[in-house]
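Chains as they are written, first to last, in our numbering: chain A, 1 to 987; chain B, 1 to 416; chain C, 1 to 83.
Hints were generated in silico from the structure; no laboratory data involved.
Just so you know, even glycine gets a beta-carbon here, dropped at the ideal spot from N, CA and C.
Accuracy of the hints is not assured; some may be wrong.
As the list claims (entries may be wrong) - Think about it this way: if two alpha-carbon atoms lie no more than 25 Å apart in a straight line, the pair counts; the simulated PhoX-like pairs of lysine-lysine are: (1) 725/A to 407/B; (2) 140/A to 266/B; (3) 687/A to 873/A.
Claimed, not checked - Listing some non-contacts, in silico: residues in chain B with all C-beta distances to chain A over 10 Å: (4) 27; (5) 53; (6) 107; (7) 132; (8) 205; (9) 211; (10) 222; (11) 295; (12) 350; (13) 383; (14) 395.
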Amino acid sequence: MSVGPYRLPTGGAIDRAQALSFRFDGTSLTGFAGDTLASALLANGHRVVGRSFKYHRPRGVLTAGPEEPNALVELRSGARREPNTKATTAELFDGLEAASQNRWPSLRFDIGAAARLAGSAASAGFYYKTFMWPAAFWEKVYEPAIRRAAGLGRASGVEDPDTYEKAFAFCDVLVIGGGPAGLIAALTAGRSGARVILCDEDFVLGGRLNAERTEIDGQPAAIWAAAIATELEALPNVRVMRRTAVVGVYDGGTYAALERVADHLLEPPFGQPRQRFWRIVAKTAVLATGAVERPIVFGGNDKPGVMMAGAVRTYLNRFSVAPGRRVAFFANNDDAWTTAADLRAAGVDLVAVIDSRAEVADHIRAKAGNARVELSAAVADAKGGYGLTSLQIATPKGRIALDADALAVSGGWNPQLGLATHLGGKPQWSERHAAFLLPADLPAGLTVAGAANGMMTTAEALADGAAKGATAADAAGFTAAPAPLPRASDESFAVAPLWQVAASRTKAFVDFQNDVTASDLALSVREGFTSVEHLKRYTTLGMATDQGRTSNVNGLAMLAALTGRGIAETGATRARPPERPVAFGALAGLHRGKHLKPTRLTPSHRWAASEGAVFIEAGPWLRAQWYPRPGEKTWLDSVSREAAAVRSAVGICDVSTLGKIALFGRDVGAFLDRVYCNTFSTLPVGKLRYGLMLREDGFVMDDGTTARLSENEWVMSTTTANAAKVMHHLELARQVLWPQLDVRLASVTEQWAQFAIAGPNARALLERLLGDVSDEVVPYLAARIFDLGGIPARLFRVSFSGERAYEIAVPAQYGDALAHELMWAGEGLGVTPYGTEALGVLRIEKGHVAGNELNGQTTARDLGLGKMMSAKKDYIGRVMAARPALIDPDRPMLAGFRAVDPTKRPRAGAHFLKIGAPETPENDEGYLTSVAFSPALNRWIGLGFIKRGPERVGERIRAYDRMQGGDLELEICAPVFVDPEGTRVHG
Amino acid sequence: MRFSFLSIAREALRGNRGWTPHWRDAEPKAAYDAVIIGGGGHGLATAYYLAKNHGLTNIAVLEKSWIGSGNVGRNTTIVRSNYLLPGNIPLYELSMKLWEGLERDLNYNAMVSQRGVLNLCHTDAQRDAFARRGNAMRLHGVEAELLDRKAVQRMCPFLDFDNARFPIQGGLLQRRGGTVRHDAVAWGYARGASDRGVDIVQNCAVTGIRIANGVVEGVETTRGFIAAKKVAMAVAGSTSQVASMAGLRLPIESHVLQAFVSEGLKPLIPGVITFGAGHFYISQSDKGGLVFGGDIDGYNSYAQRGNLHVVEDVAEEAMGLMPMTGRLRMLRSWGGIMDMSMDGSPIIDRTPIDGLFLNAGWCYGGFKAIPGSGLAYAHLIAKGEPHPAATALRLDRFRTGHLIDEKGQGAQANLH
Amino acid sequence: MRIPCPFCGPRDLSEFAYLGDAAPVRPAETSDATAVFDYVYLRANPAGPHRERWYHASGCRLWLTVTRDTRTHEVLFAEEAAP
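Could you build the full structure based on these sequences and the hints that come with them?
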């Protein structure tokens, strides 16, 4: 088994005893436990990992972290395929499969690379200037081609088989990042007794300490980090969350975090989610997210083999991988020279050290040993077809060529402050750091520590972390003493800004992933896109999946130079959440499929199912829609039978979904007078009344009945759809508008099961259960309480169908039993369960309005209920309902409709035109809202709104329907189709 | 310089050195015939049509920041005219027609991509409402089709047809709807206006509106007083703030609407799809990112950022609708500040102050309305009377009750 | 965002429903249409501290008056709407 040609013989934090096999583009390879996919690929000599977005240039690994712009792969396969996964953060596991992306047919030979031939014609924003002719070609030719070439990885296209969870956590101190500053901050806060959560996105705590050969307290830094991690985990008040990235800062100390529970496994263990999305509420937080090294913009700086200097150290020291055989390095700062020392220590051939500065201190220079050193020099162009082979170096003496297969680059370090700016803070430019530092207006409760705070050396970071940990714990109400500081190095990080190498002759990349070059920036400025936001949007700088972590500051600095403004004046673009890309699945958690929203079942759901009900989603509810019986061929057969049974015998229907609100108090009558447009204060005990509720803007909000059960106890029903809305509205009226009234409210929708018992045999059925329910005991619109075998049963004499009907309510737990009882009591009486469809048929036959008519755009007058609006009292909506447009006699008003040809079916949603009138908006007279087949009339009937409807009964009009083929001639009729005299309700 | 394939080829050979700014970054003059406050989509389009259609070129667009920094660059780029009410359809359809010819009119490719807008329905009542809407559109000469479940499945087989909490019943399709590259709209109109002599003044914040005897005289700005006989506001998101400088109180609240984009992907979904059992809409950009959004956060805000509950809602609805999105990643979110009007529809009208004009209250509809709004607003400013497509979009409709309440939610801004 | 409910303690935004500006007062019964129009439709919509109505729908079901800065979302104060 090969350990990989670039794997060093010893060292690193990998477990050489645990070999892992994996596949890349179909090739079998081997890595070790502790590797990332990137380190394993590099160890195996795979320098080209993917292709760039626009020019399809071969790209390799640039970094060793989440800032990686180049090494994106499709990880896993089949339904688990994850496009655009950064190889630098993908933990290696046995059986891992990955494929390069954005190339066709292969990584080595990619047709898309022909885009390079377009050269400077395909400069920034070129697409705004062309593809305009001929017009039809955009959607048909140009755009599909652009779309195919663009994009990056391929989605699986099928449902994700893994599950996700969401969770809340609460703490006193949240520490974000487990590098030196974060570790010691967490230790300090933890020792004070504060509840601490430490989140780190890596699978090993320590941050850069794992990548450096530096020592803390005389031992390797990684060992020190592991010891602190052990101590933290032993503290009961500290929770250490590895593989957990904080991805967003929201208002009120709410932090979003993503825990990668099983991304390092072939698949999640049984019962475990793939990822868990956390909402962490923290009193205070310490941001210790470190810094990210930035590239230098020079020709060919995207060649595979060119790598960040810090990443080179990570691969050498943590993963024991050499970046190449002949390595050069190019920097503008002291810190990067550590790389030279590390390369030498690892026995890698250091061919040259190129520093743009004229002077470098001797002790720094010593790190290069005997290697060739070029000062006041720069790499002008990197050369190589499919990977770096040589360098062109610009020196004061002229251009020098140098063979190298790897180049370590460092342009300095950028503190990672994205999270600190999510709430709007603007980072401040620091000349000393040549970087943006923390904003003046930090989110409340957030402090910044370590390299993120510009404390660039290990010793500084530790001191800052301890101090900020104490500050955070103190602010959360604890008394903390900073942890004693260990001995650590205080390396120089002196830097002299270098953004771009002027001597470059070839394409020099600023944003690698989006292929934004130095000349794109220059062009953009030439074309007037000089504000940082314009530049970003015109060139797409910083908008790729790495969110510009390796490109933004270089781009800004180059923009500043091009416009002659300072960097501080140029300003930075604002970081937007999420700080790391987050899977939709994680954000959705368990809310998917049938569990997208909770499902509410009626109290008699099981009974209805046993009766063979077909269920329908009605908002959150599942309701019985109809009950098919043997021999019925279509839903219409069933519905018509059910509706007919109500008219001829008796039907029962669960109506528990209607909102029910209990009202108590001396002033309920007065209160109802104000929230209903009709009067309720005169309602006697034991009676109920239909009420119409308006919004304050004068349109109808809801309708229903309210019963007075005793002097001070009332119960209101609302429509199913508006139950919650009416409750909010009534609570507002009670608490805010009229707090002086003695009224208390409770939603009791879920407390009561309620059934409609409708039809000429309804009384006979109920008498078997309740005894005497004759008109003397339960007259029309009465509300009575019965004892049903020890259970309180409320009986309301109301009818939605126009038949003699009652609604009976019992505590919800008895709902299912009551359904069975009702069926038993109805034996021999023709009792028939009916669903929502038959309910609809019956109410349309009677011209009762429901959801399709109560659409929020109709007035009481429109509904034919104008007379309900009391002239004797004030109520919500009274004044606005009198506005001219609301009382315009030309408004469409409720009417009934039937097709002139009785065999034809009109369709709801049709508009009304006068017969022969041109099809213009001016001739639009209204629309059809509800249509049903009436078994009583043996034809289709409908309700709708038409101009001056009540005056036009008998007139024929056209139903204009281009949507569903319901374009027919209709006759306007009264909206009450069955029993217009209203005698059956007493029958 | 005229943009064309030829000009690109020519410039490529010259190292792209001949390109010039797309618009002049003008210094403000002391006086103009008219100033437009707000260098967003609406303001720039208004300037363009004032110059092009009405010959009014001694005008300026005053932008407090850089042009296009507001909602024109912070939306989900959807264009459509599938409205229900006669007050709205004409303007949005006018806009749709202008989108269709925009690149040639402006000589600027804003990538108007008419790949269809499909609104899904999940209940009979919703289907009825869509039929009503589709028929209303057809009466206005706007194409619309009602698809059944099978037709939706043919078009979008990746939607959840097996295990959905709210099964898909069908959808209302407007084939002419689609998306437009949002920033390019601002830049294209700016270029077109600038070429016709309009001054585009960036970094010039209006701090006051000078009024004498009920007549507007000009605006105070961070760059001095600018006299103008006509002052036109086009500052959706900040309308209440600017209007208060003239003592006006409006039926508008400012609310934050978040939008989101995924990592870039190879082509995955066609057109725009909206979920009917919640509030979620999604499309795929030319670059490959899934662009999506949901409801406003729901509380008054000027912060241009929102909170997690909406982020989670949107992701849940994405998963509910398209289970294949599970492993795709949200890359970036942003927030725009909407003018939420009290009936959910916009206002293009005069104000009680002579010479002061109002273009506001765009709610969710602002981006798609840009060309039509600009054209109608320019008409109003130039002629003093409403454009025929905007006769219903009046400020006094709230007083008279001629509301344009598409959703039927009433006078609560955050419900529209 | 978290709202410090005076009864339930600080709770996540998702538990609350929002109505809007708390300043408009419903005119007494006798008042004219203009006053009602102002109450129903016109809003100051300030950029800054805003007294506004929130309903703790998934909590104590009380309407609260919350003072919140609309520029920063910082919640400055929360109290019962009608103590």
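We went through each hint and held it up to the structure:
In summary, the hint linking residue 725/A to residue 407/B is supported, as the alpha carbons are separated by about 15 Å, within the 25 Å threshold. Restraint check for residue 140/A and residue 266/B: satisfied, since their Cα atoms lie roughly 17 Å apart, inside the 25 Å limit. For a cut-off of 25 Å, the pair hint linking residue 687/A to residue 873/A stands: about 21 Å separates their Cα positions. Here residue 27/B stays apart from chain A, with its beta-carbon at least about 15 Å from theirs, past the 10 Å limit.
Taking the minimum C-beta to C-beta distance to chain A, about 21 Å, the non-interface status of residue 53/B holds against the 10 Å cut. For residue 107/B, the shortest C-beta to C-beta distance to chain A comes to about 7 Å, within the 10 Å cut-off, and the non-interface label is violated. In this structure residue 132/B is not separated from chain A by more than 10 Å, as the shortest Cβ-Cβ distance comes to only about 4 Å. With a least beta-carbon separation of about 15 Å from chain A, residue 205/B lies farther than 10 Å from that chain, consistent with its non-interface assignment.
Every beta carbon of chain A lies more than 10 Å from that of residue 211/B, the smallest distance being close to 29 Å; the non-interface claim holds. Remark: the non-interface label on residue 222/B is consistent with the geometry, its nearest Cβ contact in chain A lying 16 Å away (cut-off 10 Å). Annotated as non-interface, residue 295/B keeps its C-beta farther than 10 Å from every C-beta of chain A; the closest such distance is 14 Å. Distance check for residue 350/B against chain A: the nearest CB is about 20 Å away, which clears 10 Å, and the non-interface claim stands.
Here residue 383/B stays apart from chain A, with its beta-carbon at least about 23 Å from theirs, past the 10 Å limit. Listed as a non-interface residue, residue 395/B keeps its Cβ farther than 10 Å from every Cβ of chain A; the least gap is roughly 14 Å.
The structure does not agree with the numbered hints 6 and 7 stated previously, though it agrees with the rest.
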